[in-house]
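Chains B, C and D: place on chain A using the hints.
Number of protein chains: 4
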Amino acid sequence: MKNFKSFASDNNSGVHPEILKAIIEANTGHSIAYGDDYYTEAAIKKFKALLGNNIDVYFVFNGTGANVTALSTITNSYNSIICAETAHINVDECGAPEKITGCKIIPVHTNNGKITVDLIKQHVKGFGFEHHSQPKVISITQSTELGTVYTPEEIKEITSFAHKNNMFVHVDGARICNAAASLNLNLKDITTDVDIDVLSFGGTKNGMMYGEAVIFFNKNIANNYKYVRKQSTQLTSKMRYISAQFEALLSNNIWLKNAENSNKMAKLLFEKIKDIPKIQITQKVETNGIFAIIPEKYISIIQKKYFFYIWDEDKSEIRWMTSYDTTEQDIDNFSSFLHNVIV
Amino acid sequence: MKNFKSFASDNNSGVHPEILKAIIEANTGHSIAYGDDYYTEAAIKKFKALLGNNIDVYFVFNGTGANVTALSTITNSYNSIICAETAHINVDECGAPEKITGCKIIPVHTNNGKITVDLIKQHVKGFGFEHHSQPKVISITQSTELGTVYTPEEIKEITSFAHKNNMFVHVDGARICNAAASLNLNLKDITTDVDIDVLSFGGTKNGMMYGEAVIFFNKNIANNYKYVRKQSTQLTSKMRYISAQFEALLSNNIWLKNAENSNKMAKLLFEKIKDIPKIQITQKVETNGIFAIIPEKYISIIQKKYFFYIWDEDKSEIRWMTSYDTTEQDIDNFSSFLHNVIV
Amino acid sequence: MKNFKSFASDNNSGVHPEILKAIIEANTGHSIAYGDDYYTEAAIKKFKALLGNNIDVYFVFNGTGANVTALSTITNSYNSIICAETAHINVDECGAPEKITGCKIIPVHTNNGKITVDLIKQHVKGFGFEHHSQPKVISITQSTELGTVYTPEEIKEITSFAHKNNMFVHVDGARICNAAASLNLNLKDITTDVDIDVLSFGGTKNGMMYGEAVIFFNKNIANNYKYVRKQSTQLTSKMRYISAQFEALLSNNIWLKNAENSNKMAKLLFEKIKDIPKIQITQKVETNGIFAIIPEKYISIIQKKYFFYIWDEDKSEIRWMTSYDTTEQDIDNFSSFLHNVIV
Amino acid sequence: MKNFKSFASDNNSGVHPEILKAIIEANTGHSIAYGDDYYTEAAIKKFKALLGNNIDVYFVFNGTGANVTALSTITNSYNSIICAETAHINVDECGAPEKITGCKIIPVHTNNGKITVDLIKQHVKGFGFEHHSQPKVISITQSTELGTVYTPEEIKEITSFAHKNNMFVHVDGARICNAAASLNLNLKDITTDVDIDVLSFGGTKNGMMYGEAVIFFNKNIANNYKYVRKQSTQLTSKMRYISAQFEALLSNNIWLKNAENSNKMAKLLFEKIKDIPKIQITQKVETNGIFAIIPEKYISIIQKKYFFYIWDEDKSEIRWMTSYDTTEQDIDNFSSFLHNVIV
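Protein chains in written order, with the numbering used here: chain A, 446 to 788; chain B, 446 to 788; chain C, 446 to 788; chain D, 446 to 788.
Read the hints as simulated data drawn from the structure, not as lab findings.
Warning: the hint list may mix true and false statements.
Pairs involving identical chains hold if they fit within one copy or between any two copies, as the list cannot separate such chains.
[Claimed, not checked] Cut-off 30 Å, straight-line C-alpha distance, at most; resulting in silico cross-link-like pairs (DSSO-like, lysine-lysine):
1) 664 <-> 760
2) 466 <-> 570
3) 570 <-> 729
4) 760 <-> 742
5) 664 <-> 491
6) 750 <-> 712
7) 491 <-> 719
8) 609 <-> 760
Since this is a predicted model, take the numbers as computed values, not measurements.
For reference, chain A alone in the conformation it holds in the complex (with noise of 0.2 Å):
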């Protein structure tokens, strides 16, 4: 089955053909290797004009990778990371957090995939005590793995007291662009300016082919990122097709139409199934995923048609998530499909 579109993961989808034809076009002649290129340049500019000037900007292949480089970075195997529990770091990864910083990662327990300096201050502590994993590092997710959206206010709490106690502040920002439509502001409004240390800017399921960027806000973090990113094994050779593509989606407000484009369609969705009475929904609908429970009878037979992912299969909770490419027209199929199924 080649072609389809599916509610499975803003990942399924292919490349935005702006992004394609920016590809093509640095398809000529040679460059030189590993990021010492005209494209690179070209995209990090693109990166500081969005974020100011004050930014280190590296390219790697994937989420994880730029996740894991990033807290490498910032970390010594001896410290431990706080996140909530359902981060993609912590469930989603096979473990490389672990494996590649040596940190321990403390999962938190939360409703809405948010944690709060409420939620996570019992973690914070054992300072100078050596039988304790010194905490470093509090990560969050922008938007969270369950579509729910961080504002300025919340990013900027966390901020505070991870500074206040000498801790960072990661943000994996694979949706980054779906919570900057979603919050109605600037990229810059939700990182440089809530005082985030490092960013995992997400490029490859808002559009792009592969590639994701790590940006530090705290440039003497970042000296040794190159080193870390090359021992990750996250340097790519021909580091202009990810340069390129980075260009061409932070061109011509790119970025945003494609998150805005998923939000909407995730948000029209929701209105066209949220009167179906077997349907639940268990998430706020702030960005592109739908988090529902279904009879479990009906998944398989949605399935079928429809390939996505059962979020807890303990709770029959379900994950539909469009894309910057779902259209209306996907949207009503899927939609009167499911209300014909769930009866």
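Using the frame of chain A, we list chains B, C and D on its own:
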């Protein structure tokens, strides 16, 4: 500087038109992420057609990722891995193999990048002695980092020795297509048929944008590979774009034509410059690299026009690489330039 | 201050006289290093007499070393290890398990330090799903860090569940002798006979100077242990001095007498203070620890005379430990002091 | 076989009577665990009296633990550590340094176990080049694994070179007392005064039961050591027993007398056997080891009576070690035996 031709590395080249075309064609609709898609199945089929059906094939982002995940899968951290001191895993991966496998890398001095049983057997001992890292892998590079090539007989001698000692043989095949082209042999002749255990099959240096394959010839050892790949940050979500590239590379003998061209261009360059008295060629030109000692004063002059790497500063030894897209005109221009400069 | 009696920890105590005598007696002439000696053979024989012949016994320096080497031997880095959130491996080893095994530690909340199948089963899933760390070990502490004890039936339920899921059960037995004494059972009843796979057997907290044993009940999994131990820095050269201690500990029931005394002294202390209104005992006193909430203002007053640790600052909960050398007089003195202070 | 005298290793010997006495005397009442005790303070004071006040001193269990924790503290995983190919960290620690530091170990061939700036400088390059492990530590062994000794001038040349390149010098001093005795110098002359950065100070091979010290001469780099020690499983709970041993070792010049005796006995053995025609001494006898090539047929005959290790099977080279408790009578007996056997 966006457009130029260099002799710095085959990874400075761009993407072969047929491979780019395959990417573009794959860019329709949605595909299930992480490899459960049409393109991945098709690419694996192509590999089996070339190497036999009794293999396991997995795709990763880059060469360091391929080497490290392959080695992790077949070792425990208390093992040692023996290789040439010039091996990519020893000198060009910023310690990724040690960091991620935990193993000791034992480098062996060679004159031409090729190890032999004689050269390594002093390190294959101490089995059962807990104070020593236990020898487990012999890793060779084909073609080598010095452009030389192992014959099938040479490989067979190494695999026989390894298997007699309950060890595995890994081949770093970042340029294995160049080796096959040089030997005028099938890929199967220098892999499956000489009993190697695991191969890093290079795509990027032979005309792909990104993507390498890890191929296990001994299926028992591949069981856990998928976890190792994920935990090592080497699992791409939009797998179809690597797979489509490999399918194209392995179709219409593009892998071979590309390799043949780069080998031929190196040979041509060699013929055109071998008589310049002040250039001393230091390695046999068997594939697509030329190693030469040239007086230091000329190096920066040449680098100003043609970017390339100094191989050994102490010896004033440089490396020139041709690639799949090097043309006779490129060689003519470069050799004329060299003749004019080095006088 | 060289001489005092405290209730801080059983590892504040010294060496039992019989064990010190064994060290002195072993101090004659030379012994082959690293375990190929008379004393090690004799100590292993004693372990087999207690636990059955079908075990593999190895000695290490300390408890963290025992846990980490045991866990490393039975895991790959992409595995997860499930334990109580209060487990020593989770909170008191500065992340050594994550760093050295590479695994994810999944902490489970309990009220009394004891995990159950019900509490952990939500984490035993995702087998075959490469995005998740693969569950491989359930680690329990016997007696627990909260002084409570697993019955043989409770352990059996866990080992059955584990083995059904192709997982192993590790027991952190830093205080396993206290557990056996508390249950009035043989060591074999709570290890071999309930099918645990590997045990960290504690010596230091029960009257030894240093030294713990790692015991494999499933011999197939111990094959590589000696390399893991050496690579984890836990192989002592002058092994006879650990072995001689263990031989003494396991002779004349010293292991049991020591544990019985410390348990009895904790019970006695409990009886003498349980009616102090402002002391709220928070855990059952089943072994040699007492956990109690006491008004904050008394803590530093008591600590000035008797050093001990605050267990949970937020709750004003403290921990008092008795040890093999605690006397009735010590308890009388301490309880009188408490009665005088906490008014 | 409980009692014998061998020439296998100085770690086959037992505990010096004065050191054992110190252990016995320390065995009174309770002491706070993990180093906050009277004995540790006293031992550190002794070290400062010998080496100067500007040092940080920590105790660990064994030599591999000392080396690995010292190296971990001063490196990042993307660094390389340069040492003689005969170094304990390279061949006798089962890859613990690679596993725990993540660094690349670069072994350098020497004839006598001693590296020089000339021998290593080819590996001190590539600074800033992310593809190469970044050189950070030069590790030397004093006295070397081949029984030879670095003069202060030789060390100074290495530390100057290292510091000029922003690198550290680590000394594996498992037998540093033998080196000082051999040079007829103070410990300070070959450590503090020649600007080394960190020292693994050996206790076990010089008459202790267990225990080594890690000493930082550059206090800025020791800040995180206590976490590294704990996470590396090298923190003992009943610290007083290591500390009391060190205090005894450093009192009444026992460290020196022990080293002098073992050195003297090696010299004596050398004098008594150097004229046996079939014994070819291969290294200068500067401390307590004798390396000799002897015809293979004699080796097993001698080993039957006196256990020792074959150093290099290919060359039929063996190693005999004397220790602090070797007597002239032992040497007489052994040399007579050798004269009788090797005919």
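Here is what the structure says about each hint:
1. 664 <-> 760: Cα proximity of residue 664 and residue 760: none, with 44 Å in one copy and 38 Å across.
2. 466 <-> 570: Classified as neither; 51 Å inside a copy, 41 Å across copies.
3. 570 <-> 729: Answer is between: at 27 Å across copies they meet the 30 Å cutoff, but 32 Å inside does not.
4. 760 <-> 742: Result: close within a single copy only, 13 Å intra versus 46 Å inter.
5. 664 <-> 491: within (18 Å within a copy, 43 Å between copies)
6. 750 <-> 712: within (21 Å within a copy, 56 Å between copies)
7. 491 <-> 719: Classified as neither; 39 Å inside a copy, 47 Å across copies.
8. 609 <-> 760: between (39 Å within a copy, 23 Å between copies)
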